[in-house]
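S.K.: Those protein sequences? They're chains G and B, same order as listed.
This note's numbering puts the first residue of the first sequence at 1, with every later residue one more than the last.
This note's numbering puts the first residue of the second sequence at 1, with every later residue one more than the last.
Calculated directly from the structure, the hints in this document are not laboratory data.
One thing to keep in mind: the hints can contain errors.
Unchecked claim - Label pairs and their calculated CB-CB ranges:
(1) M60/G with I12/B: 34 to 42 Å
(2) V111/G with S86/B: 26 to 34 Å
(3) L28/B with A34/G: 26 to 34 Å
(4) I9/B with L43/G: 15 to 23 Å
Since we're looking at a predicted model, the values are computed, not measured.
Backbone N, C-alpha and C fix where the C-beta goes; we use that ideal spot for every residue, glycine too.
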Amino acid sequence: MFKKIVFKEDASNEPEKGRLSTPMALLCGSLVLALCTLLVAALISTQRHNEGLQQAVSSMLNKSGVENPVTAVLLNFRSYDTLLEIAVLLIVAIVMLPQATVSESHSLIRVQQSANAGIIMSSLLRFLTPTLIIMGGYMLWTGAYSPGGAFQAGALIAGAGILIFTNVQYQVNMHSFAFRVLLSIGLCIFILSGFAVALQTGQFLEYPVKYASSIILFIETAATVSIATTLLLLYLAVAGTQEDFNHDT
Amino acid sequence: MSFSFLLDIFLISGSLTMAWLCLFSHDLLKAITCFVCMGLFVTLMWIRLDAWDVAIAEAAIGAGLTGALLLSSRRGLKKTKAKKTSAENESGEQDV
Numbered sequence: 001m002f003k004k005i006v007f008k009e010d011a012s013n014e015p016e017k018g019r020l021s022t023p024m025a026l027l028c029g030s031l032v033l034a035l036c037t038l039l040v041a042a043l044i045s046t047q048r049h050n051e052g053l054q055q056a057v058s059s060m061l062n063k064s065g066v067e068n069p070v071t072a073v074l075l076n077f078r079s080y081d082t083l084l085e086i087a088v089l090l091i092v093a094i095v096m097l098p099q100a101t102v103s104e105s106h107s108l109i110r111v112q113q114s115a116n117a118g119i120i121m122s123s124l125l126r127f128l129t130p131t132l133i134i135m136g137g138y139m140l141w142t143g144a145y146s147p148g149g150a151f152q153a154g155a156l157i158a159g160a161g162i163l164i165f166t167n168v169q170y171q172v173n174m175h176s177f178a179f180r181v182l183l184s185i186g187l188c189i190f191i192l193s194g195f196a197v198a199l200q201t202g203q204f205l206e207y208p209v210k211y212a213s214s215i216i217l218f219i220e221t222a223a224t225v226s227i228a229t230t231l232l233l234l235y236l237a238v239a240g241t242q243e244d245f246n247h248d249t
Numbered sequence: 001m002s003f004s005f006l007l008d009i010f011l012i013s014g015s016l017t018m019a020w021l022c023l024f025s026h027d028l029l030k031a032i033t034c035f036v037c038m039g040l041f042v043t044l045m046w047i048r049l050d051a052w053d054v055a056i057a058e059a060a061i062g063a064g065l066t067g068a069l070l071l072s073s074r075r076g077l078k079k080t081k082a083k084k085t086s087a088e089n090e091s092g093e094q095d096v
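Construct the complete structure from the given sequences, taking the supplied hints into account.
M.R.: In structure tokens:
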């Protein structure tokens with residue numbers, strides 16, 4: 001009797017049922033077109049006003065500890081926003097963590113010798129991975145005075161990680177303690193240093209001018225690690241290589 | 001008509017074309033490829049706007065990581081579909 005169950009997503013995939021009737025489609029199309037025209041007209045008619053906050057940022061730049069205005073805004077003037085962003089990333093990572101199963105091994109990375117390694121991939125990775133990690137470090141360091149920063153560096157390192165873990169030889173254990181530490185270290189360091197500078201200046205996340213650049217670099221380094229781990233986790237959770245890992249042990 | 005104007009027109013039309021192809025192609029692989037191409041066009045647009053930070057992030061995340069995510073979820077979809085059809089076949093045999 002349960003033979004005729006049709007999944008909702010399958011039903012909508014059928015072209016006859018998913019299609020709108022022609023007048024309805026025309027109505028929707030004209031509505032969208034009208035909305036777009038309205039938006040473009042509004043954009044054109046808006047007066048282009050002053051420079052925004054550029055003046056304010058550049059006048060305070062010498063107090064921020066970095067020379068790149070983007071990094072100064074992200075990690076000094078509006079660092080509270082960045083803190084919340086990293087918290088959101090951590091929440092996403094927790095949601096994406098695969099269901100915990102009882103796993104006996106506690107190591108972060110497992111190397112499977114028997115697996116078919118793929119000689120081209122592994123020899124390419126031998127050159128590419130160190131280069132990508134150094135590039136990520138450079139991106140992080142250069143964020144102080146030219147475009148770059150924690151997010152870009154994290155994305156680069158996550159790319160290197162994805163390349164490594166597409167190779168079946170290496171598998172990451174997402175239930176290990178070390179992986180959770182890597183995921184949460186960015187937020188922890190950010191909050192802790194926020195409170196630590198509050199002891200000095202009396203305000204949460206208000207850095208003392210003298211140490212601002214080193215505090216920013218410290219926070220960014222921790223954030224890079226967390227961002228890279230989160231992005232890597234997103235890929236691994238979708239790719240589902242973990243199933244093999246858990247069934248093997 | 002300067003060179004930069006032509007370049008802008010090329011970038012705008014290219015990204016819009018890629019977005020159109022991505023939305024309206026029935027082949028998932030083709031749609032994902034078009035999405036990644038659109039990400040690269042948008043990266044070039046950010047560079048034209050002198051926003052290098054956003055350009056780097058867009059190239060790494062918008063084009064690279066999202067492309068990899070979409071490709072692996074496509075593979076996952078295929079796997080679930082195969083599992084579902086085989087389960088349906090099994091139940092049909094049992095009923096008979």
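S.K.: Which of the listed hints are broken here?
M.R.: Those not satisfied: there are none.
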